[in-house]
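Dock chain B against chain A, hints included.
Chains A and B, in that order, give the protein sequences. FYI, the working numbering numbers position 130 of the first sequence as 130, with every residue one higher than the one before it. FYI, the working numbering numbers position 216 of the second sequence as 1216, with every residue one higher than the one before it.
If you're looking for bench data, these hints aren't it; they were derived computationally from the structure. Worth double-checking, as some hints may not be accurate.
Said to hold, decoys possible - Here are the simulated EDC-like pairs of lysine to aspartate or glutamate, each with C-alpha atoms no more than 20 Å apart in a straight line: (1) A/Lys554 to B/Asp1292; (2) A/Lys276 to A/Glu303; (3) A/Lys556 to B/Glu1009; (4) A/Lys554 to B/Glu1411; (5) A/Lys527 to A/Glu113; (6) A/Lys556 to B/Glu1246; (7) A/Lys556 to B/Glu1339; (8) B/Lys1131 to A/Glu46; (9) A/Lys554 to B/Asp1003; (10) B/Lys1189 to A/Asp52; (11) B/Lys1145 to A/Glu46; (12) A/Lys24 to B/Glu1291; (13) B/Lys1131 to A/Glu303; (14) A/Lys554 to B/Glu1005; (15) A/Lys313 to A/Glu247; (16) B/Lys1218 to A/Asp63; (17) B/Lys1383 to A/Glu46; (18) A/Lys556 to B/Asp1292; (19) A/Lys10 to A/Asp63; (20) A/Lys556 to B/Glu1411; (21) A/Lys310 to A/Glu247; (22) A/Lys24 to B/Asp1292.
Note that the structure is a prediction, hence the values are computed from the model and not measured.
Each chain, letter by letter, is given below.
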Amino acid sequence: MSVIRYEVRKGAYYDSVVLMQLQKALTGLAGVLDAGVVMATAANKELLAAGDLLPEGVEAGADDLLIVVKGEEETAVVNALAQVDELLKRRRTSTGQDFRPRSLEAAVNILPEANWVLVSVPGRYAAGVAEEALRLNRHVFLYSDNVSLEDEIRLKQMAREKGLLVMGPDCGTAIINGIGLGFANRVQRGNIGLVGASGTGLQAITSRIHNLGGGVSQAIGTGGRDLKEAVGGLTTLQGMDLLARDEETAVIVLVSKPPAPSVVTRLLSAALSITKPVVVSFLGYPPPARRLGNLYFATTLAEAADLAIKLAKELTSEAETAETSRISGYIRGLFSGGTLAYEAVLGLQAILHPLYTNVPVRPEQTLPDPLTSQGHTILDLGEDVFTQGRLHPMMDNDLRLRRLRQEAADPETGLILLDVVLGEGAHPDPAAELAPAIAEVCRQRQIPVVAVVVGTEDDPQNMDAQIEQLQEAGATVFQDMTTAISYIAQQLAASSLVAGTPVSLTAFGEELSAINVGLESFYDSLKAQGGTAVQVEWRPPAGGNEKLMAILAKMKQQA
Amino acid sequence: MIDIEQANETAVNRMMEARPILKGVATARDVIPGMRDNLLLHAGPPITWERASGPMRGAIVGALIFEGLAHDWESAEKLVTSGEIELEPCHEHNAVGPMAGVTSPSMKVYIIENVTHGNKAYSNLNEGYGKVLRYGAYSEDVITKLRWMNDEMGPVLADALATNEDGIDIRALLAEALHMGDEGHNRNKAGSFIFTSKLAPLIAQVTKNNDLAAKILKFLGDNALSVLNPVMAACKAMADAGHNIEGSTVVTTMARNGTDFGIRVSGLGNQWFTAPVETPQGLYFSGFTAEDASGDIGDSTITETAGIGGFAMAAAPAIVTFVSGTPQDALNATLEMYEITVAEHKYFTIPYLDFRGTPTGVDIRKVVELGIPPRINTGIAHKEAGVGQVGAGLVRPPMAIFEQALMAYAEKYLND
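Here chain A stands alone, though its shape is the one from the complex (with noise of 0.2 Å):
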């Protein structure tokens, strides 16, 4: 047996919604069985009876409301009426999530200030994602691994061209605006910063500058394969370049696993060109000195941070600027003692590139024809080849001023550079012979001769007098050869940093705003560092289905 009651509320006019929401709540009651709540018009007083709903002797009208509860038993059916005042109180909070956009696209509108992209999704979707962010004119953080190198290469390009910046992809850290995005520690801000192609490196700085006392301007991540050939570098220049530019940033560093060979003297040739000291700790790749010109080499990564502080403390003093004669065209170094050329090659070669010579530090650099220089050429002319049925050059200038006249004919040369080495044993009078030949070289071939002397002053030949021939003779003459290298690296013509539009600064030292698409973790890191920040619910494109992505991607290239 069932009990049925009912109430009539006379003028009690709901929305259609809230009556069946009460029924709906009133169904859900423990013991009862049925119910339903309406305003009593005939229609509805007839769906009533339809189901079995409408007690004899109802009396009720269309402006009033007919509340009926079927149950199991008595109190449970009381029970139920006395409650529909707290139901048809009950306001909803507002349960319903903000909005989370499943397109990069709407994620845009939403927060059109976000100049930050982080991608964060399944390898073979994240080339996809990144390029629709920089088609969106955004900087990507490309966390994603498993991206092909050509997509890495190709989305590089097109930020270069469109003056953005794609970190990544396999990039875990960067601090962008005091921000950490990925893995990054908690540091200050600051006057320090930094371009990496390593995670843990960028971190291991960072955290240290900080403890430290110092503070991170930015810090850029480039993902670990920037620095290989193929890739040539190109965030990190793009970073480099936008450090250089940035009024925040009095120091840089730049820290990396050993990078290919040519994009070193690519990167380190781009680095001298700056006003800025840089120090670089390419952990691994042999430091060709302490110090070339702005450039300060580390060997761990502690030390570069350190460093990075005390040349960010030391600052205001040391604003030297290089002379601004540059250099264009190949170095040509011609040497009498051989570790002398050495210790030239393994200073050049981390910023002259094609570098050979007879004494080479890795095996390309193996000149082919000792006879006949190319691109820049170090030669050690006391080696048997040379010396053969004649005197060491120490002693002997003959072979020296000879080569020195082809390299002086040779319109690919840019720049002599020459050993002069006195004492005991050596030529009486080396500047002598040499001068003249210099001294034909600077002023009728316009090109700078550089000579590093290796002497003292009781030595017979008179040093002071010999550098001071040299020196009359029109070169510029040194007495180690790092400083020679370090004014050689500073003439080198600065070749603009990056090639394509330069990366606006505007995106760099206001508040971070940033969409995020992938790992929920970074979004709700990026809140908690105080970021703005909205979270992209995506999903495979198209669901994962080949045949449907190939077609959108096909109908994309019409664009």
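Chain B in isolation, oriented as in the chain A frame:
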């Protein structure tokens, strides 16, 4: 090479610039192109009696009784299964109809003219709530009401509209109603008031019979769906203006017949892409549950096609609880639809979104890529003929039809 973006911009601009004006009321056989005495129009893509749902069959039976061609279910069924009476989609005759959408030759229809591009669209008269033909009811009282509407109210509406050369601008009416809490599909309360208030003086002028005028005005004024049918025809006129644009991926038809959901795409001509309908999710009237629900039915999805209805949920906070729950969800519904559409409407705007235009022009590319089918607000019919409406809620078209359309597009345009 096809410029898809350009084609879509053209299609959606034509949809938005179309200005649908209610010009008159006339008998279907006199105005609907291709209408003939042995033809019934119905909602959705093509259907046969054998595959038709309960409400669709009931409405067919009712329409044939109304036409005096049949007197009961059996005689009606025989007419249709024998092929004596033919069934064709409203959409293939520039027409639309809510729910079953069955429109027979003698029925009065609204005439909408898009004065920008010159195309016309038609829709039958709205019967109100309760037992109605559009939900498959065909009992005596249903037919009696239809006859009254057709023979008494219809001519008055025709005369009334004939006195007004300018007609009633439905696009302007909708724009206003969206600012009054309507979304134009499930909620047409404000629009129906505006509609009635515009018709009232005209009706008063043309009828000397005060009782009839009062009865008609009460009928229109009590029915919060009075304006739905002219709105649907207006949306049809707008959508048709965007149809047949070479290379466009914009959807210009979405319609259901209770069995199949069908879409047509601007750049793919008159080809239907169909798949079985889903059952709507929603709230049910007293005594009914989801088990009673018919499959999704009706041409009223033309509203979403034109950028209102479920797409304009953020404009209609009063009904959001029907389909989702909270005002935030309503907002989300509209925001979600921006993701799969190509434009924001120039004339339909949403106050809460700082008068941002409603999401307009569903792009099959975006639907497939993001896996987001359009969101549709709908009434729910009982699965058996003759019972009527049992609830209202939310439904989405099956993904498969958008995938089919995309593949057909690739076939047509990308095989170079």
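These are the hints, each one checked on the structure:
Taking the CA atoms of A/Lys554 and B/Asp1292, the gap is near 45 Å; set against the 20 Å cutoff, the hint is violated. With a C-alpha separation of about 18 Å, the suggested pairing of A/Lys276 with A/Glu303 holds against the 20 Å cut-off. For the given pair, A/Lys556 sits about 16 Å from B/Glu1009 by alpha-carbon distance, which is consistent with the 20 Å threshold. The suggested pairing of A/Lys554 with B/Glu1411 holds, with an alpha-carbon distance near 12 Å, which does not exceed 20 Å.
As the CA atoms of A/Lys527 and A/Glu113 are separated by approximately 15 Å, the hinted pair is consistent with the 20 Å bound. For the proposed pair A/Lys556 and B/Glu1246, the alpha carbon gap of about 17 Å is at most 20 Å, so the pair holds. Annotation: proposed proximity of A/Lys556 to B/Glu1339 holds, straight-line Cα distance about 16 Å (limit 20 Å). For the suggested pair B/Lys1131 and A/Glu46, the alpha carbons sit about 10 Å apart, so the restraint of at most 20 Å is met.
With a C-alpha separation of about 12 Å, the suggested pair A/Lys554 and B/Asp1003 falls inside the 20 Å cut-off, and the hint holds. Between B/Lys1189 and A/Asp52 the CA atoms are separated by roughly 30 Å; this puts the pair beyond 20 Å, and the hint is violated. Of the pairs offered as hints, the one joining B/Lys1145 and A/Glu46 holds, with about 17 Å between alpha carbons and a cut-off of 20 Å not exceeded. A distance of roughly 15 Å separates the Cα atoms of A/Lys24 and B/Glu1291; the hinted pair therefore holds under the 20 Å criterion.
With a CA separation close to 86 Å, the supplied pair B/Lys1131 and A/Glu303 exceeds the 20 Å bound. For the hint pairing A/Lys554 with B/Glu1005, the CA-to-CA distance comes to about 14 Å; that is within 20 Å, so the pair holds. Distance hint between A/Lys313 and A/Glu247 is fulfilled; the C-alpha atoms sit about 16 Å from each other, no more than 20 Å. For the hint pairing B/Lys1218 with A/Asp63, the CA-to-CA distance comes to about 16 Å; that is within 20 Å, so the pair holds.
A threshold of 20 Å between alpha carbons decides the hint, and for B/Lys1383 with A/Glu46 the separation of about 18 Å falls inside it, so the pair holds. At most 20 Å may separate the alpha-carbon atoms for a hinted pair to count; A/Lys556 and B/Asp1292 exceed this at roughly 44 Å. In summary, the hint linking A/Lys10 to A/Asp63 is supported, as the alpha carbons are separated by about 7 Å, within the 20 Å threshold. Only pairs whose Cα atoms come within 20 Å are accepted, and A/Lys556 paired with B/Glu1411 is accepted, the gap being roughly 16 Å.
Between A/Lys310 and A/Glu247 the CA atoms are separated by roughly 19 Å; this keeps the pair inside 20 Å, and the hint holds. Between the alpha carbons of A/Lys24 and B/Asp1292 the distance comes to roughly 16 Å, so the proposed pair stays at or under 20 Å and holds.
Hints 1, 10, 13, 18 from the list above are not met by this structure, while the remaining hints are.
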